[in-house]
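Number of protein chains: 2
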Amino acid sequence: MPELRKDPVIGRWVIIATERARRPSDFVPETAKPKGAAECVFCPGNEGKTPPEVLAYRPHGGPWTLRAVPNKFPALQIEGELVPSGEGIYDRLAGVGAHEVIIETPDHAATLATLPEAAVADVFFAYRDRLVDLKKDPRFEYILIFKNHGAAAGASLEHPHSQLIATPILPKMVIEELDGAAQYFRYKERCVWCDIVRQERRDGQRIILDEGGFLALAPFAPRFPFETWVLPAAHQSSYEQIQPNEVEALARLMRRLTGRVNRVLGEPPYNYIIHTAPLREGPLQHFHWHLEFMPKLTRVAGFEWGTGFFINPTPPEAAARFLREGGD
Amino acid sequence: MPELRKDPVIGRWVIIATERARRPSDFVPETAKPKGAAECVFCPGNEGKTPPEVLAYRPHGGPWTLRAVPNKFPALQIEGELVPSGEGIYDRLAGVGAHEVIIETPDHAATLATLPEAAVADVFFAYRDRLVDLKKDPRFEYILIFKNHGAAAGASLEHPHSQLIATPILPKMVIEELDGAAQYFRYKERCVWCDIVRQERRDGQRIILDEGGFLALAPFAPRFPFETWVLPAAHQSSYEQIQPNEVEALARLMRRLTGRVNRVLGEPPYNYIIHTAPLREGPLQHFHWHLEFMPKLTRVAGFEWGTGFFINPTPPEAAARFLREGGD
Numbered sequence: 001m002p003e004l005r006k007d008p009v010i011g012r013w014v015i016i017a018t019e020r021a022r023r024p025s026d027f028v029p030e031t032a033k034p035k036g037a038a039e040c041v042f043c044p045g046n047e048g049k050t051p052p053e054v055l056a057y058r059p060h061g062g063p064w065t066l067r068a069v070p071n072k073f074p075a076l077q078i079e080g081e082l083v084p085s086g087e088g089i090y091d092r093l094a095g096v097g098a099h100e101v102i103i104e105t106p107d108h109a110a111t112l113a114t115l116p117e118a119a120v121a122d123v124f125f126a127y128r129d130r131l132v133d134l135k136k137d138p139r140f141e142y143i144l145i146f147k148n149h150g151a152a153a154g155a156s157l158e159h160p161h162s163q164l165i166a167t168p169i170l171p172k173m174v175i176e177e178l179d180g181a182a183q184y185f186r187y188k189e190r191c192v193w194c195d196i197v198r199q200e201r202r203d204g205q206r207i208i209l210d211e212g213g214f215l216a217l218a219p220f221a222p223r224f225p226f227e228t229w230v231l232p233a234a235h236q237s238s239y240e241q242i243q244p245n246e247v248e249a250l251a252r253l254m255r256r257l258t259g260r261v262n263r264v265l266g267e268p269p270y271n272y273i274i275h276t277a278p279l280r281e282g283p284l285q286h287f288h289w290h291l292e293f294m295p296k297l298t299r300v301a302g303f304e305w306g307t308g309f310f311i312n313p314t315p316p317e318a319a320a321r322f323l324r325e326g327g328d
Numbered sequence: 001m002p003e004l005r006k007d008p009v010i011g012r013w014v015i016i017a018t019e020r021a022r023r024p025s026d027f028v029p030e031t032a033k034p035k036g037a038a039e040c041v042f043c044p045g046n047e048g049k050t051p052p053e054v055l056a057y058r059p060h061g062g063p064w065t066l067r068a069v070p071n072k073f074p075a076l077q078i079e080g081e082l083v084p085s086g087e088g089i090y091d092r093l094a095g096v097g098a099h100e101v102i103i104e105t106p107d108h109a110a111t112l113a114t115l116p117e118a119a120v121a122d123v124f125f126a127y128r129d130r131l132v133d134l135k136k137d138p139r140f141e142y143i144l145i146f147k148n149h150g151a152a153a154g155a156s157l158e159h160p161h162s163q164l165i166a167t168p169i170l171p172k173m174v175i176e177e178l179d180g181a182a183q184y185f186r187y188k189e190r191c192v193w194c195d196i197v198r199q200e201r202r203d204g205q206r207i208i209l210d211e212g213g214f215l216a217l218a219p220f221a222p223r224f225p226f227e228t229w230v231l232p233a234a235h236q237s238s239y240e241q242i243q244p245n246e247v248e249a250l251a252r253l254m255r256r257l258t259g260r261v262n263r264v265l266g267e268p269p270y271n272y273i274i275h276t277a278p279l280r281e282g283p284l285q286h287f288h289w290h291l292e293f294m295p296k297l298t299r300v301a302g303f304e305w306g307t308g309f310f311i312n313p314t315p316p317e318a319a320a321r322f323l324r325e326g327g328d
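Chains A and B are the protein sequences, given in the same order.
Sequential numbering of the first sequence, starting at 1, is according to my numbering.
Sequential numbering of the second sequence, starting at 1, is according to my numbering.
Think of the hints as simulated: they come from the structure by calculation, not from any bench.
Incorrect hints may appear among the rest.
It does not matter which identical chain is used: a pair holds within one copy or between any two.
Below, in silico cross-link-like pairs of lysine to aspartate or glutamate (DMTMM-like), each with a Cα-Cα straight-line distance of 20 angstroms or less [claimed, not checked]: (1) K188 to E81; (2) K6 to E176; (3) K188 to E87; (4) K6 to E240; (5) K6 to E317; (6) K49 to E87; (7) K188 to D91; (8) K72 to E158; (9) K172 to D7; (10) K135 to D210; (11) K6 to D203; (12) K188 to D7; (13) K49 to D129; (14) K172 to E267; (15) K136 to D195.
Just chain A, with the same shape it has in the complex (with noise of 0.2 angstroms):
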């Protein structure tokens, strides 16, 4: 059974997947893998190979055109009860959530910028339908939608796949969110959202699209050369409330998005996630959801993990220039 692990210094979690515990000879150095289809567990005719979907889109009752199936090497597991535990000094939580991933196609070898714009509507309304279904499940508190493209981004599987996790805690990256934008709102009565949305619209030069009601900016203070944050231009604190034009609206922008980042910086791998409200909070007016979207360009090295401070080489007003002047 995984295991969540609490810091007793700065009250950290972290998972001990002690279900794929790795020994030293496990880590063995990166070799470029095999390119291609031919032995992937997510391309069609392989379906017994995955675990049994949650999830399929099958129009007109032909062939599915994705996929959600549960992660078969999970970070956290769906069976169990949350038992705490503790050790002397130290805290711990048996490793219960769900981990599931969503096949966003049948074709090995397309990308969000190359998938018809349909095809990558049918991944956010997928996000949207397995935070619906998952949300019922009264042990988890919070879910995370992300996805990891390429290997130096983490992907382990070249086919085009987001995951998600349930989480039995809130996230600490989270739980500082919300707090700030809770103490933002109770000083100016204002989502600080909201407030970005405003300040970049009329500053300009920031904002890389903003069109359909969703805006794609490179913040003020960003962590990694041309990360962008997309987001409703209207207030809206969880990403289930989406309404399906508002989806096809995200799918389009999304779509331009990487589309003019393989253009500019020469397709390089990426990670994005999603942050939404927490699954037992109603509606929150400080609270408003949104994407990182995080192209795999630079290192994390030691001064970053010391201090958490990020050294950034891109100005956020270069990159959204770049990115805006990036052709379609």
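Let chain A serve as the given structure and place chain B on it in line with the hints.
Frame of chain A, contents of chain B only:
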């Protein structure tokens, strides 16, 4: 001038290193750099290619055995005043600070594991000497000492070196440790790291080395496989309080630890950082300086960036056993 910028939601500072601003074409995929000393700016004979040294050890008036120089491409600049400025809801600060490189040895091919004990001790003496000197500059609140070893851990030069960055504000990670430790102290009237030392010595299963007044242990909740903390067994809040015989004991332990890591894990890249008390605070009862050693074996991906949680596939008890039995 580099700029410090603050995220308006969670208050995280980033350094926008405008002086070395990078355009999209600068982010070329990594290629294997030529190995060897031929054109190394840190090798003997090339002293003129670094900025003038701020520290050097030249035993008996002979050639240097260790040098410290300002970083030629500093993340923060020594000149300038701390001018805060606003931009609507955003905050920024002139990027004043210091960024130095400690060239650990004239020997291009050496490592902490292969250098003689006395040479390793000089590295840890140099950390103390630079801390004592830079502490005199009243603009600095904190100094982080760190080492990136190997390209995958962020080292851009092969020659053995450490770095330090002096910052005009306390880093987020240090604030979190100080807050957590102060809270623990208020409740228990004991230093949390002293309690960790006591419990780990009693338990034994996470201890790797315990000699000369220093411990190397696998922490209870490590972010990374084989993460190791090194700390003095007796309470000491600031690194610069270290005594000569303690520097020698620490160097012996670090030399042995890196040797074991090399044998057990195949000479992996690694980072380490030293967390010491803030410059402007006297000896603290609740803070205990420590070194965090992190071999670079896995990749940080979307889940970690989105949650602040880490997924670690190697339980610390197993990691400690491998390193304890790793031989010398």
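For each hint, the structure was consulted:
1. For the homomeric pair K188 and E81, neither the shortest alpha-carbon distance inside one copy (41 angstroms) nor that between copies (31 angstroms) is at most 20 angstroms.
2. Taking the shortest alpha-carbon separations for K6 and E176, both the intra-copy value of 17 angstroms and the inter-copy value of 14 angstroms come in at or below 20 angstroms.
3. When the C-alpha separation of K188 and E87 is checked against a cutoff of 20 angstroms, the pair qualifies only between copies, where the shortest distance is 17 angstroms, while the shortest distance within a copy is 43 angstroms.
4. For the identical chains of this complex, K6 and E240 are neighbours neither inside a copy (30 angstroms) nor across copies (30 angstroms), given an alpha-carbon limit of 20 angstroms.
5. In this assembly of identical chains, K6 and E317 lie within 20 angstroms of each other by CA distance solely across copies; the values are 15 angstroms between and 38 angstroms within a copy.
6. In this homomeric assembly, K49 and E87 never come within 20 angstroms of each other (Cα to Cα): the closest approach is 39 angstroms inside a single copy and 54 angstroms across copies.
7. Proximity of K188 and D91 under a CA criterion of 20 angstroms is satisfied inter-copy only: 16 angstroms between copies versus 37 angstroms inside one chain copy.
8. Taking the shortest alpha-carbon separations for K72 and E158, only the intra-copy value of 16 angstroms comes in at or below 20 angstroms, while the best inter-copy value is 39 angstroms.
9. Taking the shortest alpha-carbon separations for K172 and D7, both the intra-copy value of 12 angstroms and the inter-copy value of 16 angstroms come in at or below 20 angstroms.
10. For a Cα distance limit of 20 angstroms, the shortest separation of K135 from D210 qualifies neither inside one copy, at 31 angstroms, nor across copies, at 47 angstroms.
11. In this assembly of identical chains, K6 and D203 lie within 20 angstroms of each other by CA distance solely across copies; the values are 18 angstroms between and 42 angstroms within a copy.
12. Taking CA atoms no more than 20 angstroms apart as the test, K188 paired with D7 passes between copies only; the shortest distance there is 17 angstroms, against 34 angstroms inside one copy.
13. Taking CA atoms no more than 20 angstroms apart as the test, K49 paired with D129 passes in neither setting, with 23 angstroms inside one copy and 59 angstroms between copies.
14. Proximity of K172 to E267 under the C-alpha cut-off of 20 angstroms is found in neither arrangement, the shortest distances being 31 angstroms within a copy and 33 angstroms between copies.
15. For a Cα distance limit of 20 angstroms, the shortest separation of K136 from D195 qualifies neither inside one copy, at 33 angstroms, nor across copies, at 41 angstroms.
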